[in-house]
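Read top to bottom, the protein sequences are chains A and B. The first sequence begins at 1 in the working numbering and counts up one residue at a time. The second sequence begins at 266 in the working numbering and counts up one residue at a time.
Keep in mind that the hints were calculated from the coordinates and are not lab data. The model shown is predicted, which means the values in this text are computed figures rather than measured ones. Cβ atoms here follow ideal geometry from the backbone N, Cα and C, with glycine treated the same way. Check the hints yourself; a few may be wrong.
A few chain A positions that, by computed beta-carbon distances, are all more than 12 Å from chain B [what the hints assert, rightly or not]:
hint	residue
1	ASP95
2	ASP132
3	ARG178
4	ASP249
Computed footprint of chain B on chain A, listed as stretches where at least three residues anywhere in the stretch have a Cβ under 8 Å from a Cβ of chain B [stated by the list, open to error]:
hint	segment
5	47 to 54
6	78 to 84
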Amino acid sequence: MSGPVLEMKDVVKFYGDKLVLDGVSFKVYRGETKIIIGASGSGKSTILKVAMALDRPDEGEVWIDGQEISSLTEEELVPVRQKIGMVFQESALFDSMTVRENVGYRLYETSVDDDEIDGRVRENLQFVGLEDAIDKYPSELSGGMKRRVALARAMISKPSIMLYDEPTAGLDPVTSRRINELIIALRDVQDVTGIFVTHRMRDAFTLASEYASNGTGAVTFHKESGVLCIANTRFLMLRDGKIIFEGPDEILRQSKDPYIKKFLA
Amino acid sequence: MPFTLKAAIKEVQDISLLAARALGSVFRRPYYVRDILLQMDQIGVGSLSVVILTGFFTGAVLALQTSKTLSTFGAKGLTGSLVAVSLVRELGPVLSSLMLAGRIGSGIASELGSMVVTEQINAMRALGTDPIKKLVVPRILASISMLPILTIVADGVGVIGGLVIAVQLLGLSSGLYLNSAWNSLSYMDLFGGLLKPLIFGFIVAIVGCHCGLRTYGGTQGVGRSTTQAVVAASILILVFDLFLTRIILAYTI
């Protein structure tokens with residue numbers, strides 16, 4: 001197995017006097033999706049911000065593709081961030097831009113040819129099923145549509161790592177299912193490494209127990225059997241900024257830890 | 266009390282760092298010309314009506330107020346001179362800047378503040394864009410280029426406002442008024458009258474950006490940042506006006 005795509009080593013992060021991450025260490029390998037679960041305020045979203053270098057750790061190291069990034073300047077981070085896509089909790093679409101401009105933002109910034117941008121924007125919107133919304137503004141979209149546009153925007157530069165910050169929070173089951181399928185397809189069909197932050201166990205177990213294949217040309221989704229562990233997904237559970245569990249869903253479900261049992265109940 | 270002093274020093278430090286980063290980014294690619302032009306339109310063209318109204322009525326009131334005092338000394342003919350000098354040296358730059366602090370400073374703070382609380386700034390960084398280059402620099406460049414132009418407009422319209430009062434109510438001839446106004450102005454007055462809005466424009470933009478970018482606490486925080494931006498920019502304009510006037514006068518005499 002090659003080295004990890006993303007690694008955190010003893011990361012400590014304070015917000016003011018509050019300790020948010022307390023010695024967090026983990027590795028994510030190529031094509032793997034790490035699902036981070038935990039109660040609100042346990043430090044889940046902070047892990048994503050530290051991984052993207054939007055927040056700097058007070059102690060510890062963050063490695064992306066063999067490069068330590070926590071001490072890089074904003075300019076030095078640009079090529080690193082090109083490898084990473086991030087879907088924010090509230091979508092974080094730019095209000096003043098259309099869906100086309102939002103999705104193609106990264107390409108417009110790098111002076112890619114307009115026709116190529118248009119083609120790639122349409123291709124990504126097609127993937128999330130929103131090609132018709134290309135000329136709409138974020139204010140004209142529903143919550144679920146915004147998340148899908150955010151997903152298309154994050155994917156536009158074909159990143160090798162995707163960070164999902166509660167992408168299904170507040171959505172109805174049908175839309176949540178649609179977004180989960182898109183994430184599974186990215187993981188299994190495009191081999192994208194991911195970190196999926198959530199406190200919705202139903203979504204977490206969907207990602208951990210289903211896999212996608214495109215053997216017949218179209219992407220299809222399957223449930224793994226009780227004995228086979230096909231979905232390349234592992235759980236990481238946080239409590240008060242500390243990792244209290246790391247492993248596959250089968251082990252998580254059997255955990256005797258009272259806190260984990262209560263959380264899963 | 267020590268906390269207040271510490272907080273004040275921290276604010277000055279943060280604004281200075283933001284200003285230094287913004288000025289350091291001006292000559293580095295990418296240049297975001299489209300954003301600069303868009304901001305120039307919003308700040309310049311968008312503020313034109315406010316500045317015209319402010320300039321006209323200020324000039325008119327100045328003519329009314331000063332003519333009464335001047336007529337006591339038999340110098341009513343100098344009304345144009347007093348209106349022009351007051352407007353060009355002081356009232357044009359300061360009132361235009363205060364209007365801009367209210368209209369543009371608040372707009373910048375609320376726009377950037379909303380972007381912070383909805384994580385659009387983080388999204389921008391995640392997409393490989395430096396928000397200072399993309400958002401702060403265009404606003405500073407637009408503000409420092411547009412405010413001197415707006416001040417020229419305010420000064421011109423103010424003199425016309427004074428002219429209307431001088432001719433219609435004070436019985437002065439337009440030739441006497443305009444001649445007196447033109448002859449009273451020196452090059453140093455014009456230089457000072459344009460230097461001030463340049464610096465005030467920078468203050469309005471940098472304070473608005475600083476208050477917007479350090480917003481926290483949701484929509485309530487956006488409101489707080491907006492108020493702070495207007496208050497801080499207005500006070501700084503008045504404080505800097507004192508020092509700038511002192512410096513300009515020292516070189517005039």
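To see whether the hints hold, each was checked on the structure:
1. ASP95: Given that some Cβ of chain B is not farther than 12 Å from that of ASP95(A), nearest at about 7 Å, it is violated.
2. ASP132: 23 Å, holds
3. ARG178: Its Cβ never comes within 12 Å of chain B, the nearest being 22 Å, so this holds.
4. ASP249: 28 Å, holds
5. 47 to 54: holds (count 3)
6. 78 to 84: Contact hint for the segment 78 to 84 of chain A vs chain B: holds, 4 residues under 8 Å.
Hint 1 alone, counting from the list given before, is not met by this structure.
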